[in-house]
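Asker: So the chains spell out like this:
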Amino acid sequence: DTGVSQDPRHKITKRGQNVTFRCDPISEHNRLYWYRQTLGQGPEFLTYFQNEAQLEKSRLLSDRFSAERPKGSFSTLEIQRTEQGDSAMYLCASSFRRSQETQYFGPGTRLLVL
Amino acid sequence: SQKIEQNSEALNIQEGKTATLTCNYTNYSPAYLQWYRQDPGRGPVFLLLIRENEKEKRKERLKVTFDTTLKQSLFHITASQPADSATYLCALETGANNLFFGTGTRLTVIP
Chain B
61 DTGVSQDPRH
71 KITKRGQNVT
81 FRCDPISEHN
91 RLYWYRQTLG
101 QGPEFLTYFQ
111 NEAQLEKSRL
121 LSDRFSAERP
131 KGSFSTLEIQ
141 RTEQGDSAMY
151 LCASSFRRSQ
161 ETQYFGPGTR
171 LLVL
Chain F
19 SQKIEQNSEA
29 LNIQEGKTAT
39 LTCNYTNYSP
49 AYLQWYRQDP
59 GRGPVFLLLI
69 RENEKEKRKE
79 RLKVTFDTTL
89 KQSLFHITAS
99 QPADSATYLC
109 ALETGANNLF
119 FGTGTRLTVI
129 P
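Residue numbers (the numbering used here), protein chains in the order written: chain B, 61 to 174; chain F, 19 to 129.
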């Protein structure tokens, strides 16, 4: 399967701990997005990369959140000092350089902060 | 700020009937609108994109309309099947490089 992959699929952590999620986009896709989704809501945009450059960040992305895409391939999203309100599904998506409107989503990482 | 309303949280229909889902938006004029399907515990899957200059787009049993005057999109599934049961999300392009999603409509097709 050459779709978007995310790791881990599930993460349980205690409040105050740091967590890091990884996303591997479809290989020829130059754009990579992170979204957060809570129960009963649609995905909410967090941040976006074009190649290795982080070009946009939502105001939802507090100082405790940081994302990187060091070589323009995989990306990591780190949450420091997790809070219970960070519990959500974190979704990664990528899009193809010639058809950038359509985003292909990974299966998500479900985070539970106790 | 942008706002999207999808007609209902949940919609139940009988197998074989046509399901019609509504997406209304305010405070924006998107260049295109997309529909995604999401199954429980999975990421959204792209279904259809319709541009502002297109009135209708079809793909197999799916049809989407886009009325920029009414600021509304309708999503139809004809000859619905139990396998069509899922949450359907409407998403607008924002002029920035991301999508703005509605809360979704959970469709259940009853055999």
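One or more of the hints may lead you astray.
Cross-link-like lysine-lysine pairs, in silico, BS3-like; alpha carbons within 30 Å at most [what the hints assert, rightly or not]: (1) F/K35 with B/K117; (2) F/K89 with F/K75; (3) B/K71 with B/K117; (4) B/K117 with B/K131; (5) F/K21 with F/K75; (6) B/K117 with F/K21.
Keep in mind the hints are simulated off the structure, nothing from the lab.
Asker: If a hint holds in the structure, say so; if it does not, say that too.
Answerer: Evaluated hints:
Straight-line distance between C-alpha atoms of F/K35 and B/K117 comes to about 42 Å, which puts the hinted pair past the 30 Å bound. Between F/K89 and F/K75 the alpha-carbon distance is near 16 Å, which keeps this suggested pair within the 30 Å criterion. As the CA atoms of B/K71 and B/K117 are separated by approximately 24 Å, the hinted pair is consistent with the 30 Å bound. Under the criterion of a C-alpha separation no larger than 30 Å, the hint pairing B/K117 with B/K131 is consistent with the structure, at around 19 Å.
Taking the CA atoms of F/K21 and F/K75, the gap is about 23 Å. The hint holds against a cut of 30 Å. Under the criterion of a C-alpha separation no larger than 30 Å, the hint pairing B/K117 with F/K21 is consistent with the structure, at around 19 Å.
Checked against the numbered hints above, the structure violates only hint 1.
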